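All chains should be modelled from the sequences, with the hints used to inform the complete structure.
Protein chains: 2
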Amino acid sequence: MNPSPRELEQLVVDLARRACNASQRMSELSTRVKNDWLLRSAERLEAAKAGILAANARDLALAEKNGVSGPLLARLEISEAKWRDMIAGLRDVAALPDPIGRVESTIVRPNGLQVGRMRIPLGVIGIIYESRPNVTVDAAALCVKAGNSVILRGGSEAIEANLALADELRAAARETGVPEDAIAIIPLTDRAAIDVLLTQDAFVDLIIPRGGPGLIRKVTEESRIPVIKHDAGVCHLFIDASADPEMATAIAVDSKVSQMAVCNGLETMLVHRDACAVALPRIAKALFERGVEIRGCERTCEVVSEAIPAVESDWAEEYLAPVLAVRVVDDMDEAIDHIRRYGSDHTEVIVTQDYKNSQEFLRRVGSSTVGVNCSTAFADGFRLGLGAEIGISTSKIHHYGPMGLEGLTTLKFILRGDGQLRE
Amino acid sequence: MNPSPRELEQLVVDLARRACNASQRMSELSTRVKNDWLLRSAERLEAAKAGILAANARDLALAEKNGVSGPLLARLEISEAKWRDMIAGLRDVAALPDPIGRVESTIVRPNGLQVGRMRIPLGVIGIIYESRPNVTVDAAALCVKAGNSVILRGGSEAIEANLALADELRAAARETGVPEDAIAIIPLTDRAAIDVLLTQDAFVDLIIPRGGPGLIRKVTEESRIPVIKHDAGVCHLFIDASADPEMATAIAVDSKVSQMAVCNGLETMLVHRDACAVALPRIAKALFERGVEIRGCERTCEVVSEAIPAVESDWAEEYLAPVLAVRVVDDMDEAIDHIRRYGSDHTEVIVTQDYKNSQEFLRRVGSSTVGVNCSTAFADGFRLGLGAEIGISTSKIHHYGPMGLEGLTTLKFILRGDGQLRE
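Listed in order, the protein sequences are those of chains F and L.
The first sequence begins at 1 in this note's numbering and counts up one residue at a time.
The second sequence begins at 1 in this note's numbering and counts up one residue at a time.
What the hints contain is simulated information worked out from the structure, not anything from laboratory work.
Worth double-checking, as some hints may not be accurate.
Note that the list lumps identical chains together, so a pair holds whenever it fits in one copy or between two copies.
Said to hold, decoys possible - Okay, derived cross-link-like pairs now, BS3-like style, lysine-lysine, Cα gap no bigger than 27 Å in a straight line:
1. 82 to 356
2. 218 to 412
3. 356 to 412
Note that the coordinates shown come from a computational prediction; the quantities given were computed from them, not determined experimentally.
Written out as structure tokens, the structure reads:
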């Protein structure tokens, strides 16, 4: 399919308009209908598995031919584990409580007026993503459960799998009474389709971009619709002077090695100068044994002989690979200054046994997830107990950090009176 | 002062950069310092009252000369009542609990990890407003109490009063240890200053426009920074079949007449056909007695002989004047369809004695404030018990409806562990 610019624009505007019209019915759907759709989608996907994996294989073959490399190819593949997670995800979202209609924190004013806040859907959510085809299913599941229409726009490299997945989601909608227009997928790989989508502020309430820095920058600069970024993770671990070396080693290895190609992976380790003698060599040894390259500041290289000297650009790098930048700092202030300067507002963790330092780090670091004595891997909607995750927001507006169902809703004020006047 | 385009750009960029640098210190200010600044500002403003009112008088004289009309001129004037409210507002905000650092809803995960969410400031907030000079003080008070830097850009018609007010706020900052750069005012009346501000996404986290539709549209279309609109209020009252005529009359009069030039004033009344015989004539009589003109649909004009036939544009009009559009509808569906089509997502109220209809209206109407049996005037941060109000958001993203201190903050995740790993 190779439409003219005008046909392309009409197609996208039409999808957006229909998604917007459907959003009013979506906001009034019962929980039962939404859950029926989730469970039916899981059944249909299972039944269509062979065809979907074949579509994914075609995407993978083309990507390899185009020279796509290791972690990126891994993101594109629907592995058996990812398939299981995707199907389980639909059933998990069905089991989550419906946020819509929930009334929070009702108070009674002195004049007897009851003031509450009720959760309602946002309306229409556009998801612009790259590579991972499972986002098609995960994102649609969360948007629909939260009563929204969704417009999906995956990467061109995953188009075959995305269309095959969306076909089943839309068929399940027809079968269960969910408006089919509420689950829209843009069937075009042309990037101009994104340009058109970003101007549909009359129909679309929120844009969530998930992908590389180029995509994020483009969307942020051009969108006339509010954007919640799911940006790079340049995550830091700060090994404080009082850190237990054994715990510090386990956390560093877990944060760096257990998953490489994810945004909550560790990219830079900051080490208090008083942790250089014992903790740093021990951590470095454990990382080397697992094949991690260390790019260190001058002081790091003095202690760790195998380290490669870091250059300025290493401090801002999201490697997504077995490489770790390491810098020795004099104190907490220097660590926090480094994080503010080079970090991406994603996830930072301190390893410490000092009460005051733990409090100070939690309070002063402004990133979306800030931790004490745990792996950076916990910056994840599932591991934090949200039950699901649409992504990890590095935008402070609306929702900051791992974002589940609630982030896809808003609150309206509801007033119950018996004739109250301004007077 | 008449700077070149380049000087203007440098001035605005410099203000924004300095506000951003100051925002890190702002986020760590103690509650005591922020409250000292609020109370000192109140004292300084009281001491400088004569000069500020003289500046306001100069603004008013120029506006009258330029032919500015009734309600707009009323917004520009710092009346004695507004002055008292402004000063009291500073003291009220000082008395409010500090939202920053508050940890909400900590849970413990099965692995022992404690997961909480801590309120933090947004960073730098740009307020673009028109006419009302008291916004200078109200907005700065709320932004600073919530730990943010603020960049104020008032209307050219209020420039003298705005600069005089901001002088005192900045002097109070110097006296109390609040970074002066955190309270920035753009001293230029040139609209090009807004264009520059809206591109400073490297330094500014949120833009709040408060003003007429022209300003709102310009800001929404051009901003590269997230925007929370404080847009027009085309507020509706729906008189249900079961409405008590006396209560309906009192609520209609209060919603329309008690304040005309405000966004929560009533602009369109929808009347169930079964309320036409008794309630409608009674309400119409009470409104006529108070000088309100009624522009009615055909069925309204049959019942209310003094009504003027409404034209299509009346249904979307924010009159801010003694005019009310009135339409008779067959049922709740027609009322809700009308609100969705012509409303502005601001405030809608039903008057009813019917339980089911009250629930349905609260649930189905998606506006930012939805009420039963009360005046539309309650769409107001003070009257709802928020303690203060930066405005009334008609954007669903981040905060919807009357917005107090909490709307100027966000939540980060904080994790407290003792060595938890992904495993």
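Of the numbered hints stated previously, which ones are contradicted by the structure, given in increasing order?
Number 1 only.
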